[in-house]
Structures are given as C-alpha cells and as structure tokens.
Amino acid sequence: MRDMEEQLREAMARVQPPDGFAARVMARTAHQPRRPWYARYGAIAAVIVLACSLFAGLYVRHVRQQEAAEQAQRQLTFALRLTAEKLAVIHNRLKVSAPIVRIDRQEREQL
Amino acid sequence: MSVGAALEQAAAGDKAAFAMLVREHQAMVFSIALHYLRNASLAEELAQDVFLDLYRNLGSVESAAHLVCWLRRVAVNRCIDRGRKRAFRSEVALEKVAEPASRRSENDPMAAEALRKLVAALPEWQRAIVILRYQEDLDPNEIAGLLELPVNTVKSRLHRALGVLREKLERKQKQEARA
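First to last, the sequence lines map onto chains P and H.
The C-terminal position of the first sequence is numbered 135 in my numbering, with every residue numbered one higher than the one before it.
The C-terminal position of the second sequence is numbered 186 in my numbering, with every residue numbered one higher than the one before it.
Keep in mind the hints are simulated off the structure, nothing from the lab.
Wrong hints could be hidden among the right ones.
Said to hold, decoys possible - To spell it out: a stretch of chain H is covered by chain P in this simulated footprint if at least three of its residues, at any positions, have a beta carbon under 8 angstroms from a beta carbon of chain P; those stretches are:
| hint | region |
| --- | --- |
| 1 | 29-37 |
| 2 | 117-129 |
| 3 | 162-176 |
Everything numeric in this text was worked out from a predicted model, so none of it was measured.
Think of the CB as a built atom: it goes at the ideal place given N, C-alpha and C, for glycine as much as any other residue.
Only chain P is shown next, with the shape it has when bound in the complex:
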C-alpha cells in the first residue's frame, strides 16, 4: 500500500470548474452593488454611536434620580422640622394651662 499522504495528495488534486465559470461569475457581478471602502467602518461606527447614546441616556437618568432623591430628602427634613416646632408650641401651651402640682410627703400622709 502506497503512502497514505501521497494518495491523498493525488486524490485531492485541484480540479478546474466547468467551462464558462468566470463568465458566469462576471454576469452575476453586473447585478451586485460594490461596497465602498468606508462601508466596513459603518457598522463599527453605528455600534459606537449606539453605545455612547445608551451611556449618555443612563447617565442622564442617574443624575435625574439623584436630584429627585435630594429634593425628597430636603422636603422630609423641612416637614420634620415643622412638626417638631408645632409639637414644641403645643407642649409649652400644655405646661401653662396645667401646671405641675408638687405634693410633699407630709401632705401625702395627710391625704
């Protein structure tokens, strides 16, 4: 048995296509638009623009959320301060209208 690799080289020899192959290819090229040299960069540019837009959108959303959170915090602080002031006023009024009566031990025993 001859060397296997040699047999493969012979069996796998190049073969010419049927006659008129090049003419058939050329006929098909007549209907093919040529891709300009910059076309291959178009897809890359589109991906970059899309990624930048996405990043900018996410950043703007993040900033807006942060602003809303700060505003809510300010409103809550203001409300708490207002409540505290009102409670202090009520507390003072209660102290004036109902003074604390101190009863010493002697009076307690008498009672």
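Got chain P sorted already, so can you dock chain H onto it with the hints?
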C-alpha cells in the same frame, strides 16, 4: 499582469482585472467546494458566491497573498455553513467533472475516488483540515491561522482523520481482495 496589479485595478473598478483574478483562483475555490460537498453543481454555485463576496469586498483585500488566504477562508466557512444546512447526496459524479488542473494521478483512479468519498464522509472540521492539508498543501500552522483554531487542535484532528481514513481504506481493500 501580476495578481497584485490586477487586484489594484479590480478594486478601482476594472472588470477585466477582476475576471483575471477569478480565472487565476477558480480551480482552488471550486476544488475546495467540490472536495467538501462532493456535488459539482453545488460546488460551482458556492464558488460563484465566494467570488461575488470578493467582488463586494475588493477594497478590504490588501495583497495577492491576502487574497489567497481570504478566498480559502471564505470558501471553507461557506462549505461548513452549507454542509450544516442540508445533508448531501452527490448529484453529479466526480468522474464527470473536468480533469485535475495540476497533478494527474498515475495510479488507480478507483482508489482515488474511494479516498475522496471517505474524505467527504469525515466530520466537517476534519474534512476541511484534510482538504487544506492535501489539496492546498498547507502545514498545520497555516491551517490553524486560516481556521482560527489552536495548532494542537488542528494536529489532533488531522491525526484522527488520517487514522480513520487509513482504517477504512484498509478494510475496503481487504473486502475487495476477498471478493
């Protein structure tokens, strides 16, 4: 006209230069497809598609060597894609196809045909590697670069493919000797 000059002129829109490039490389592309698919009409269709791809992307091909590499890669990838899409049955026998372009077998044509059938029955990557190794005479490093596979993977697949081919061929020869 050299292939490099034809490439430049074809990229500039010269159709005659592109036709020259087709004629120069048609045997290589057609043979890859034919040995992979074992179907002459499908092989021609696929080879035409490869050259149309080239026509659309002439601007991205930088040199004559790059062109050969580009055509081999696109042809093999298209063969693998086509092979996955449908199961093949040979519609046109290889004997009806034109004679080999370069080397001509001085030995048993039946054995060569049997070997081609066995190659066509290999798994897709093994088949592509065997075709590139023995039709295009590429070494494992070049095949690895072309198919974007590790060199060791190429070597092991080639080794496995040769083992399978040797075993099947010996079995077939024993059967024929007995008959």
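Status of each hint after checking the structure:
1. Proximity of the region 29-37 of chain H to chain P, defined as three or more residues with a beta carbon under 8 angstroms from a beta carbon of that chain, is established by the 6 residues found.
2. Coverage of the region 117-129 of chain H by chain P holds. Counting CB-CB distances below 8 angstroms, 6 residues qualify, and the rule asks for three or more.
3. Interface restraint, the region 162-176 of chain H with chain P: holds (4 residues with C-beta to C-beta distance below 8 angstroms; minimum three).
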